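Take the sequence shown: its position 63, counted from the start at 1, is 62 in numbering that gives the first Met the number 0, and no numbers get skipped.
A couple of the hints might just be wrong.
[What the hints assert, rightly or not] List of simulated lysine-lysine pairs, DSBU-like, C-alpha gap at most 30 Å:
| no. | residue 1 | residue 2 |
| --- | --- | --- |
| 1 | Lys180 | Lys168 |
| 2 | Lys51 | Lys317 |
| 3 | Lys176 | Lys317 |
| 4 | Lys168 | Lys106 |
| 5 | Lys180 | Lys149 |
| 6 | Lys176 | Lys294 |
| 7 | Lys203 | Lys216 |
| 8 | Lys186 | Lys150 |
| 9 | Lys203 | Lys305 |
| 10 | Lys294 | Lys186 |
| 11 | Lys176 | Lys216 |
| 12 | Lys106 | Lys184 |
| 13 | Lys305 | Lys216 |
| 14 | Lys199 | Lys216 |
| 15 | Lys317 | Lys199 |
| 16 | Lys68 | Lys51 |
| 17 | Lys150 | Lys168 |
| 18 | Lys170 | Lys184 |
| 19 | Lys184 | Lys305 |
| 20 | Lys149 | Lys93 |
| 21 | Lys150 | Lys199 |
| 22 | Lys235 | Lys138 |
| 23 | Lys150 | Lys176 |
| 24 | Lys180 | Lys68 |
| 25 | Lys186 | Lys138 |
| 26 | Lys186 | Lys51 |
| 27 | Lys180 | Lys294 |
| 28 | Lys150 | Lys235 |
| 29 | Lys176 | Lys295 |
| 30 | Lys180 | Lys51 |
| 31 | Lys180 | Lys235 |
| 32 | Lys170 | Lys295 |
| 33 | Lys264 | Lys216 |
| 34 | Lys186 | Lys168 |
| 35 | Lys203 | Lys264 |
| 36 | Lys180 | Lys317 |
[Stated by the list, open to error] Distance ranges between label pairs, derived from CB positions:
| no. | residue 1 | residue 2 | range |
| --- | --- | --- | --- |
| 37 | Lys317 | Lys235 | 37 to 43 Å |
| 38 | Gly266 | Asp312 | 27 to 33 Å |
| 39 | Ile105 | Gly230 | 24 to 30 Å |
| 40 | Thr102 | Gly210 | 25 to 31 Å |
Worth flagging that the hints you see were computed from the coordinates, not collected in a lab. Just so it is clear, the structure is predicted and the values come from calculations on it, not from any experiment. Just so you know, even glycine gets a beta-carbon here, dropped at the ideal spot from N, CA and C.
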Amino acid sequence: MKNIMLFILALSLLGCDKTEKLTPSVRYDRFYFIVDDTTDAVQHRRFELYEKYGVPVYFNDTIGRIYIKTDVYGDSVFKYETLDMAWGFTSYEKTTYRYVYMTDSIKQMQALDIAESFLEAAETPLYPFNIFVVTSAEKVDERDASTPYKKGEFIIGYRTLLLTGDWPKNKIPTMPKLLMKGLLKTKIANFPDQLEVFNKVSEKAWYGGIGWTVLTKDAPDGFYTSPIREGWWGEKNHTPEQLLYIRDSIRRIIGPFGFVDGDSKSGGYMTPNNATEDMEAYITEMLRFPPAEFKKLWAMAPLVIKKYDILYDIISNKLGVQL
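Start from the sequences and build out the full structure, keeping to the hints where you can.
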């Protein structure tokens with residue numbers, strides 16, 4: 000009896016195609032590519048971007064389907080592959096995302112312009128797995144609380160960078176840097192030990208939205224840090240020489256505390272609220288100036304240079320992004 004069973008087993012193995020058993024029947028990564036269509040300007044542009052940068056851009060979250068079976072009524076049953084923003088690296092949020100899809104071809108081409116500007120400016124380590132562009136989005140949690148995203152706001156997901164359209168005209172040129180800043184912030188968070196060192200350079204008592212005039216006697220009444228920022232509304236009212244003098248004066252007041260800007264919401268009338276806000280200000284400043292120029296501008300502030308070197312090591316050596 001034992002010999003009979005072994006014989007049957009041998010016959011069954013001979014009838015098997017080992018290649019088929021080891022090869023998965025579904026290749027999910029095959030969904031994440033763009034097929035060319037020269038008769039469709041938007042599709043052809045999407046293909047060109049994918050071919051050049053390896054990043055697919057989508058205008059719909061349903062990107063493919065898999066045939067499963069034919070049901071008892073003779074209808075085909077499919078499983079759909081979608082871009083799900085709720086997925087994390089090791090978790091799944093209890094949230095639902097609702098979208099207003101971008102269907103206008105002119106706006107889609109504008110979105111592709113923005114995507115290309117970002118991909119051209121960014122280093123490969125910052126590339127998302129894919130980009131999903133909608134007119135607007137809404138995140139709804141399990142308590143039915145809604146968070147809207149629109150007019151150029153974006154969400155950095157585990158695999159997907161979600162962009163919302165209807166960009167204000169003045170925001171379009173800034174989008175590549177905004178996206179790089181957001182992606183750098185997300186990726187830097189993966190290095191908590193180095194960030195802990197960064198967080199301890201400035202005294203804890205200096206954070207918390209303290210008025211500059213309280214922190215230092217060098218700050219005149221009404222002192223604020225907004226003029227140091229790129230795109231400050233008052234730029235047009237001053238000559239380049241005057242701007243250099245104003246910004247240098249601000250650096251000499253805030254630099255000794257290891258800060259490169261004040262709080263983000265009040266226009267900089269106070270110190271950064273916390274180390275995270277402080278780190279975001281550094282990323283903005285580091286994307287604005289090359290390393291040599293940054294260190295020249297802040298040469299009078301050893302704490303700033305120390306914090307810069309910590310972040311530079313993460314960005315350049317750990318992430319492989321050249322500033």
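Now the hints, each set against the structure:
{"no.": "1", "hint": "Lys180 / Lys168", "verdict": "holds (20 Å)"}
{"no.": "2", "hint": "Lys51 / Lys317", "verdict": "holds (25 Å)"}
{"no.": "3", "hint": "Lys176 / Lys317", "verdict": "holds (20 Å)"}
{"no.": "4", "hint": "Lys168 / Lys106", "verdict": "holds (13 Å)"}
{"no.": "5", "hint": "Lys180 / Lys149", "verdict": "holds (18 Å)"}
{"no.": "6", "hint": "Lys176 / Lys294", "verdict": "holds (20 Å)"}
{"no.": "7", "hint": "Lys203 / Lys216", "verdict": "holds (19 Å)"}
{"no.": "8", "hint": "Lys186 / Lys150", "verdict": "holds (24 Å)"}
{"no.": "9", "hint": "Lys203 / Lys305", "verdict": "holds (16 Å)"}
{"no.": "10", "hint": "Lys294 / Lys186", "verdict": "holds (23 Å)"}
{"no.": "11", "hint": "Lys176 / Lys216", "verdict": "violated (35 Å)"}
{"no.": "12", "hint": "Lys106 / Lys184", "verdict": "holds (28 Å)"}
{"no.": "13", "hint": "Lys305 / Lys216", "verdict": "holds (24 Å)"}
{"no.": "14", "hint": "Lys199 / Lys216", "verdict": "holds (23 Å)"}
{"no.": "15", "hint": "Lys317 / Lys199", "verdict": "holds (20 Å)"}
{"no.": "16", "hint": "Lys68 / Lys51", "verdict": "violated (37 Å)"}
{"no.": "17", "hint": "Lys150 / Lys168", "verdict": "holds (10 Å)"}
{"no.": "18", "hint": "Lys170 / Lys184", "verdict": "holds (20 Å)"}
{"no.": "19", "hint": "Lys184 / Lys305", "verdict": "holds (19 Å)"}
{"no.": "20", "hint": "Lys149 / Lys93", "verdict": "holds (21 Å)"}
{"no.": "21", "hint": "Lys150 / Lys199", "verdict": "violated (36 Å)"}
{"no.": "22", "hint": "Lys235 / Lys138", "verdict": "violated (39 Å)"}
{"no.": "23", "hint": "Lys150 / Lys176", "verdict": "holds (16 Å)"}
{"no.": "24", "hint": "Lys180 / Lys68", "verdict": "violated (46 Å)"}
{"no.": "25", "hint": "Lys186 / Lys138", "verdict": "holds (22 Å)"}
{"no.": "26", "hint": "Lys186 / Lys51", "verdict": "holds (23 Å)"}
{"no.": "27", "hint": "Lys180 / Lys294", "verdict": "holds (19 Å)"}
{"no.": "28", "hint": "Lys150 / Lys235", "verdict": "holds (25 Å)"}
{"no.": "29", "hint": "Lys176 / Lys295", "verdict": "holds (22 Å)"}
{"no.": "30", "hint": "Lys180 / Lys51", "verdict": "holds (23 Å)"}
{"no.": "31", "hint": "Lys180 / Lys235", "verdict": "holds (25 Å)"}
{"no.": "32", "hint": "Lys170 / Lys295", "verdict": "holds (29 Å)"}
{"no.": "33", "hint": "Lys264 / Lys216", "verdict": "holds (23 Å)"}
{"no.": "34", "hint": "Lys186 / Lys168", "verdict": "holds (29 Å)"}
{"no.": "35", "hint": "Lys203 / Lys264", "verdict": "holds (20 Å)"}
{"no.": "36", "hint": "Lys180 / Lys317", "verdict": "holds (16 Å)"}
{"no.": "37", "hint": "Lys317 / Lys235: 37 to 43 Å", "verdict": "holds (39 Å)"}
{"no.": "38", "hint": "Gly266 / Asp312: 27 to 33 Å", "verdict": "holds (31 Å)"}
{"no.": "39", "hint": "Ile105 / Gly230: 24 to 30 Å", "verdict": "holds (26 Å)"}
{"no.": "40", "hint": "Thr102 / Gly210: 25 to 31 Å", "verdict": "violated (49 Å)"}
This entry does not satisfy hints 11, 16, 21, 22, 24, 40, going by the numbered hints stated previously.
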